[in-house]
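From just these sequences and the hints, can you work out the full model?
As they're listed, the protein sequences go chains Z and W.
Last residue of the first sequence: number 84 in numbering that gives the first Met the number 0, and the count goes up by one each step with no gaps.
Last residue of the second sequence: number 178 in numbering that gives the first Met the number 0, and the count goes up by one each step with no gaps.
Treat the hints loosely; a few may be bogus.
Quick partial rundown of chain W residues pointing at chain Z, CB under 7 Å, derived from the structure [said to hold, decoys possible]:
id	residue
1	R31
2	A35
3	F56
4	T57
5	L113
6	A115
7	V119
8	R120
9	L134
10	F138
11	K170
12	L173
Some but not every residue of chain Z turned toward chain W, in silico, with C-beta under 8 Å [as the list claims (entries may be wrong)]:
id	residue
13	E5
14	A9
15	I12
16	L15
17	P16
18	P17
19	T23
20	A26
Treat the hints as calculated values from the structure; they're not laboratory data.
Fair warning: this is a prediction, and the values are worked out from it, not measured in the lab.
No residue lacks a Cβ here, since even glycine has one placed at the ideal position from N, Cα and C.
What follows is each chain in one-letter form.
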Amino acid sequence: MNEIDEQQVARLIAELPPPPRGWTEAAYEIPVTQAELDRVIERIEADEQFRTAVQAGLDKALVDAGIEPSDALMAGLRRHLATGE
Amino acid sequence: MPARQTSDGSLVKRCRAGDHEAWIAIVDRYSRYVYAIAVRAFRLSDADAEDVFQEVFTRAYERLDTLRDDGALKPWIGQMTRNLCIDHIRSRSREDVAEEPLDPADSEDVIGRLDAAMAVREAMGHLPENCNDILDRFFARDQSYRAIGEQLSIPPGTIASRISRCLAKLKSSLGEAFA
Chain Z
0 MNEIDEQQVA
10 RLIAELPPPP
20 RGWTEAAYEI
30 PVTQAELDRV
40 IERIEADEQF
50 RTAVQAGLDK
60 ALVDAGIEPS
70 DALMAGLRRH
80 LATGE
Chain W
0 MPARQTSDGS
10 LVKRCRAGDH
20 EAWIAIVDRY
30 SRYVYAIAVR
40 AFRLSDADAE
50 DVFQEVFTRA
60 YERLDTLRDD
70 GALKPWIGQM
80 TRNLCIDHIR
90 SRSREDVAEE
100 PLDPADSEDV
110 IGRLDAAMAV
120 REAMGHLPEN
130 CNDILDRFFA
140 RDQSYRAIGE
150 QLSIPPGTIA
160 SRISRCLAKL
170 KSSLGEAFA
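Structure below.
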């Protein structure tokens, strides 16, 4: 049986560089974004006026409601509005 | 207990209970794996790789409750990443027929190597912190002796021998795992 040598170990370490700066930080925020997404969806479903405003223009509806339209939130809401998921 | 010594199963349970630190640990543990699958196994562009990266972790978070075996987090995340990479390639090939198709066997070979690399990474997590750090900086992050010396406040002349000692410790700890 061949044992792994140090060069092989070094090559394997090199196979996993870190992703570009910012990617992991954005992923850390997924639970926070998800919680906010859930709140906005709840409001869309419960508040007819807000729902109408969203259908007319998502970005403006959020801004008018005092909700920051972050890229992640917008993407999640568009997916929900398109698929119902 | 440091996150790297905590089992996947434990992190998943804590994450389901709303522990944000557990989620951060999961991202830290698998971010390199997801990134490497996207750019090395499937050769996605940085833009596509970033889309896949965020989508994998978004889906992993949303679907954590569907994971039947909490200890199977790695293959679950790996499979999700593969599937999303393939979806991206398929949608791109519909737009650009001139692009050379990727051989699935090549991707699987690379993923096999990445799985071995993850085992090495796990073993690194059990080394003393300074060993883990210096090996990561030199081999994974491709930092120079000078950069390492400056950032860790270590004399550059000692770095080669430190790397050598730490690599020997790591190899010893891997032992028959790769026999």
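Checked hints:
Taken as an interface hint, W/R31 checks out: its beta carbon lies about 4 Å from the nearest beta carbon of chain Z, inside 7 Å. Look at W/A35: its Cβ gets to within about 5 Å of chain Z, closer than 7 Å, so that hint holds up. Because the closest C-beta pair between W/F56 and chain Z is about 4 Å apart, less than 7 Å, the hint holds. Here the hint on W/T57 is kept, as its CB sits about 6 Å from the closest CB of chain Z, short of 7 Å.
Nearest Cβ of chain Z to the Cβ of W/L113: about 6 Å, under the 7 Å cut. The hint holds. With a least beta-carbon distance of about 6 Å to chain Z, the hint placing W/A115 at the interface is held under the 7 Å criterion. Of the supplied interface hints, the one on W/V119 holds, with its beta-carbon coming within about 4 Å of a beta-carbon of chain Z, less than 7 Å. For W/R120, the interface hint holds, the least distance from its beta-carbon to any beta-carbon of chain Z being 6 Å, beneath 7 Å.
With 7 Å as the threshold, the beta carbon of W/L134 comes within range of chain Z, its nearest partner Cβ sitting at about 6 Å, so the hint holds. Proximity of W/F138 to chain Z holds as hinted, the smallest CB-CB distance being about 4 Å (cut-off 7 Å). Interface hint at W/K170: satisfied, since its Cβ lies 5 Å from the closest Cβ of chain Z, which is below the 7 Å cut-off. Restraint check, W/L173 versus chain Z: the minimum CB separation of about 6 Å is within 7 Å; hint holds.
For Z/E5, the suggested interface contact is upheld, since its CB lies about 5 Å from the closest CB of chain W, less than 8 Å. Look at Z/A9: its Cβ gets to within about 5 Å of chain W, closer than 8 Å, so that hint holds up. Satisfaction of the interface hint for Z/I12 is found here, the shortest Cβ-Cβ separation to chain W being roughly 4 Å, below the 8 Å cut-off. The beta carbon of Z/L15 is positioned within 8 Å of a beta carbon in chain W (closest approach about 4 Å), and the interface hint is therefore held.
Annotation: interface hint on Z/P16 holds; nearest CB of chain W at approximately 5 Å, less than 8 Å. Using the Cβ-Cβ criterion of 8 Å, the hint placing Z/P17 at the interface with chain W is satisfied: the shortest such distance is roughly 6 Å. Using the Cβ-Cβ criterion of 8 Å, the hint placing Z/T23 at the interface with chain W is satisfied: the shortest such distance is roughly 5 Å. For Z/A26, the interface hint holds, the least distance from its beta-carbon to any beta-carbon of chain W being 4 Å, beneath 8 Å.
Of the numbered hints listed earlier, not one is contradicted by the structure.
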